[in-house]
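J.: Assembling the complex is the task here: the two chains are given apart, and the hints tell you how they should meet.
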Amino acid sequence: MIFKTCELERKKRVRNPSLPVEQRRRSFDLVEEGFPEKEAVSEASRCLATLSCQSCDICTLLCPDLCITRSDVTGQVEIDYDYCKGCGICAAVCPKKAIEMVQE
Amino acid sequence: MKGRPKELPPMVAGRTHRPIIDLLRCGPCSVCQRGCPAEILREYTREEESLRGEIYRNREPVSISPIGESLPPAPCQQACPLGQDVRGYIEKVAMGMDGEAMAIVREANPLPSVCGFICSRPCEEACLREWIDDPLSIRALKRFIVEHASTKQPDPPSVPSRREKLISIIGSGPAGLAAAHDLARMGYGVRIFEAHSKPGGILAMGIPSFRLPQRAVEGDIGYIEAMGVEIKTNCRVGGRDSWKTLLDDSEALILAVGAQRSLNLGVEGEDGLEAYFDCLSLLREFSLGRSVDLGKRVVVIGGGYAALDAARTALRMESEKVTILYRRALEDMPAGRGEVDEALEEGVEVQVQSLPIAILSHRGRVEGLRCVRTKMGRREKGKRRSFMVIEGTEFEVEADSIIAAVGQEPDLSWLPHDYPLGISKGNTITTDEELATTREGVFAAGDLVTGPSSVVEAMASGKKAAQSVHRFLTTRGSV
Ligand SMILES: Cc1cc2nc3c(=O)[nH]c(=O)nc-3n(C[C@H](O)[C@H](O)[C@H](O)COP(=O)(O)OP(=O)(O)OC[C@H]3O[C@@H](n4cnc5c(N)ncnc54)[C@H](O)[C@@H]3O)c2cc1C
Numbered sequence: 001m002i003f004k005t006c007e008l009e010r011k012k013r014v015r016n017p018s019l020p021v022e023q024r025r026r027s028f029d030l031v032e033e034g035f036p037e038k039e040a041v042s043e044a045s046r047c048l049a050t051l052s053c054q055s056c057d058i059c060t061l062l063c064p065d066l067c068i069t070r071s072d073v074t075g076q077v078e079i080d081y082d083y084c085k086g087c088g089i090c091a092a093v094c095p096k097k098a099i100e101m102v103q104e
Numbered sequence: 105m106k107g108r109p110k111e112l113p114p115m116v117a118g119r120t121h122r123p124i125i126d127l128l129r130c131g132p133c134s135v136c137q138r139g140c141p142a143e144i145l146r147e148y149t150r151e152e153e154s155l156r157g158e159i160y161r162n163r164e165p166v167s168i169s170p171i172g173e174s175l176p177p178a179p180c181q182q183a184c185p186l187g188q189d190v191r192g193y194i195e196k197v198a199m200g201m202d203g204e205a206m207a208i209v210r211e212a213n214p215l216p217s218v219c220g221f222i223c224s225r226p227c228e229e230a231c232l233r234e235w236i237d238d239p240l241s242i243r244a245l246k247r248f249i250v251e252h253a254s255t256k257q258p259d260p261p262s263v264p265s266r267r268e269k270l271i272s273i274i275g276s277g278p279a280g281l282a283a284a285h286d287l288a289r290m291g292y293g294v295r296i297f298e299a300h301s302k303p304g305g306i307l308a309m310g311i312p313s314f315r316l317p318q319r320a321v322e323g324d325i326g327y328i329e330a331m332g333v334e335i336k337t338n339c340r341v342g343g344r345d346s347w348k349t350l351l352d353d354s355e356a357l358i359l360a361v362g363a364q365r366s367l368n369l370g371v372e373g374e375d376g377l378e379a380y381f382d383c384l385s386l387l388r389e390f391s392l393g394r395s396v397d398l399g400k401r402v403v404v405i406g407g408g409y410a411a412l413d414a415a416r417t418a419l420r421m422e423s424e425k426v427t428i429l430y431r432r433a434l435e436d437m438p439a440g441r442g443e444v445d446e447a448l449e450e451g452v453e454v455q456v457q458s459l460p461i462a463i464l465s466h467r468g469r470v471e472g473l474r475c476v477r478t479k480m481g482r483r484e485k486g487k488r489r490s491f492m493v494i495e496g497t498e499f500e501v502e503a504d505s506i507i508a509a510v511g512q513e514p515d516l517s518w519l520p521h522d523y524p525l526g527i528s529k530g531n532t533i534t535t536d537e538e539l540a541t542t543r544e545g546v547f548a549a550g551d552l553v554t555g556p557s558s559v560v561e562a563m564a565s566g567k568k569a570a571q572s573v574h575r576f577l578t579t580r581g582s583v
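From first to last, the protein sequence lines are chains A and H. Per the working numbering, the first sequence starts with residue 1, numbered consecutively. Per the working numbering, the second sequence starts with residue 105, numbered consecutively.
Keep in mind the hints are simulated off the structure, nothing from the lab. Hints may be right or wrong, so weigh each one.
Taking lysine-lysine pairs in the DSBU-like style, the calculated list, with each CA pair at most 35 Å apart, reads [what the hints assert, rightly or not]:
1) Lys-479/H <-> Lys-529/H
2) Lys-348/H <-> Lys-400/H
3) Lys-269/H <-> Lys-336/H
4) Lys-487/H <-> Lys-12/A
5) Lys-425/H <-> Lys-11/A
6) Lys-12/A <-> Lys-38/A
7) Lys-425/H <-> Lys-302/H
8) Lys-12/A <-> Lys-529/H
9) Lys-425/H <-> Lys-479/H
The following block holds chain H by itself, in its conformation from the complex (with noise of 0.2 Å):
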């Protein structure tokens, strides 16, 4: 049968399944042909007076590839960094059948539970209701799909190992599960280190109780032990010797050490204060259950996610009054939407367009900063927002501790320094494209390779570097 002629001005959006023709049963009826709504889709634009014409009217033409070549998929799938079967599973969900529902989640998601709750979900971003009301709320209902259908989970497989030795991976964070999960369904024997005491990266060292419950993290990661992943914690690697042991012993491996190291103001008169902390190692404390005394007004600097964490969390200690001050504006944070305005909700005070120039101190303990107001730069595609300095704008803040959440950068002081690794400026580990380091057999992956992103971003990232060890251990053998 002939393909589409390529010249007709093209349109679908919206696809909800993609046909594939078995062509040693294809007798060319050209029934499908006929019947092809795909010519009439276009008429969708024009729709004046339709909910469905206000979606599609001011939207490009999703262009259609000639048969033989896929479809693209959904905008809420094309979104999602795992390219999740969204529409599927929300359908699923639509009609009470939560257990199927859950399988095609499964099938894309080694992290399910955990993204039912703090998912950065791009998915939402893109979905076309957007256009007449609201886009859906695709994470809590995958929160749904998880805590309802849990006990209709799929048997997690096991498969016998291919191969004689393991593979390694350093890190337990979602790029590292990812990996491990990913690479256990293939049926490779896959170990993991972890320093701390409990797996999971920042999901379990990081992240408060009141926006992800352990239960979450230990359910997803229980799966994946039940797969025959084995974790080792308390495991720092690091040093020459067990980095070379490891090495020996393994078939490949992959660095899955993620951003952990907090980054400096940059300011006067920031060392060695008392008060004065470094946002990752406290919402460590916090999450190990020990308790800091962060007095009654707590400054935060910052705009992501962990700072966002960090005020909420000294709101919910002793404090009297928490501050986050930003230096640019509301909408230029990096942190979710969602979790913005549940701070704001909570009484956090959010100071915009403040950036901070000192810290005022005495005897050594902190007392609070001199900032100045800045101006916002033009918004461009693809970049963050430029700001500058107005001058002759300076204030204080008091603070009986201030809290730095200003960016994170991957800690490398585990490696050998005279190892071959390439390294960039941020500390990041560089590899090509499909995630293989400068020494070969060694992969990376995560926030180790992009720098601090998201839960999705570091387990999309996971599962390639998994393929692209498959592929190196199936064409070229072992390290």
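Isolated chain A (complex conformation) (with noise of 0.2 Å):
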């Protein structure tokens, strides 16, 4: 079982590219530039609506061996493997989709 916890992290806006400076003077061409597909699918994977654990804690309420955890303290959610049974309950109600079951 792989779960793909909180990945908030800090990273940078990417901006999109703009005309040089030295180029702008005497000239009507669009300062801004467009993103590149991968510069756009990296800004917007920033956006909070697409982390994928939002810690609903639903895994941890219908975990039948009661194994999966949250902390308070740092929000991170875990599974204590030495108790999971591996039924997969928590896989398939995660409306996120961040849990993914694999074999052992």
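T.: And the structure:
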């Protein structure tokens, strides 16, 4: 089972490129350039809506072995693999599809 | 099923979807209630070591209304005058689904291309990421969507007309276009009258091409025309006759003529000078591809979009030095921060807290300005900061030409002067909450009602007027 919990990380904004200042004098060309595909996807992925685990705790509530917990301090969700029997309920109910079952 | 008890301290910020319960199908199994994370989400605010805690810790909790009422949307969406589902389309971009993103943008925004270039982006100011790093580049992402999904744009709907007569709109700026778009989508026949040779208002006759390419304006307008909206250009409405025929021929009327008359500086020696320009007329000349001789040293007075655009245009002409004089501080400029930074980068000189008090001229030609320094007052919420003149700080600035960009008001010279429309002090049209004027069946929208605002606000106003017209026609008939 892989848990993609809270990947919220600090990441500076990706800015779209702009025309070099020297080229702007005497020219009416567009100053701001558009995002290339890769940068657009990378910038869009900073949106909080795209985070996988939102700590909704549904997995914690529904885990029959009570082995999923979330830290109040760090917000990290953890699975205690010593007790997890691999039933897959958590992966099935996760609304953000943040849990993936992988073969042992 | 019972709703949440009201007295629980509520907190949800940053919700991405809204659940709607179909009460006919709901057997009260209460699984949703037991599994509902809403209570638990409050703990976001208490996380001491996580980045998420950092975002939410110092924010006022958003209140959850009881089940049955809708919950507040995400901060970016709340900040947008059009209420666009920002998170919705950004998430689609992250997933590489540009076509779907475009459909979401289209749903609420009648001028998506234009907004991708020059929106004043209140959404970015509201973005929660600001608390941990930087707000998202939402405007640039919108531009990405429009440029990448344009081939996948949905076909413009074309619906048979609901009425015999057309709805007439005066002015083809963002307000008029947005109203036309929404009315056409509801199935009304719409006709826009535009005084100039090109539709778009300030978008076509003001904002320079280094910020907004005309293909973006034309693309958005083309889409609206394909919906069946007719735009009559070179058609200035005015005088008693054209006004009366228009009223007789229309189901309803929306006035959206903007605020396009430049205000005077109101200082000594202002009238009839050579090389003294009003900003909007000048930008219009440039938009039409005509060139104007501004000389070597250009001084622009003002701190709004128009002032910045004029200065940056002057910089691209033969000028050697372009100076902006602004009476308040840099952060008080009504133009967007991005535009101000770009102008500084390009070499526009900005003298803040400088108030012109007289224009210096020789034989009817501009030579410079006399100014005084100002002191800024305290910041008050919801108000522009006040400033005071500092005595004994007079100084002079030399200029070969002066561009005044100190504000605009609506030009109402085309209205018959005895026409019963309420007009306010600032020459704006008075309306009720629903944008109805004092004359039945006549509505007003955009800068004409609010005074100079922004493209999104003008669009939101136009959309609201469209709703009001629809309500008026379905409840009361026609003019
Ligand atoms: C130079 C400049 C730059 C700007 N940059 C930005 C920006 O980057 N971002 C942003 O959000 N906002 C910007 N703004 C503000 C924004 O452009 C305006 O708030 C917005 O265009 C107002 O829309 P509107 O439809 O009310 O009026 P307008 O856009 O002014 O359109 C009114 C239209 O009505 C027509 N008209 C007037 N009288 C008649 C008549 N009698 N008969 C027929 N037609 C008539 C006019 O020709 C015009 O086409 C800028 C404004 C200026 C002046």
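J.: Would you mind marking each hint as holding or not holding in the structure?
T.: Evaluated hints:
no.: 1; hint: Lys-479/H <-> Lys-529/H; verdict: 28 Å, holds
no.: 2; hint: Lys-348/H <-> Lys-400/H; verdict: 49 Å, violated
no.: 3; hint: Lys-269/H <-> Lys-336/H; verdict: 16 Å, holds
no.: 4; hint: Lys-487/H <-> Lys-12/A; verdict: 32 Å, holds
no.: 5; hint: Lys-425/H <-> Lys-11/A; verdict: 39 Å, violated
no.: 6; hint: Lys-12/A <-> Lys-38/A; verdict: 15 Å, holds
no.: 7; hint: Lys-425/H <-> Lys-302/H; verdict: 32 Å, holds
no.: 8; hint: Lys-12/A <-> Lys-529/H; verdict: 46 Å, violated
no.: 9; hint: Lys-425/H <-> Lys-479/H; verdict: 26 Å, holds
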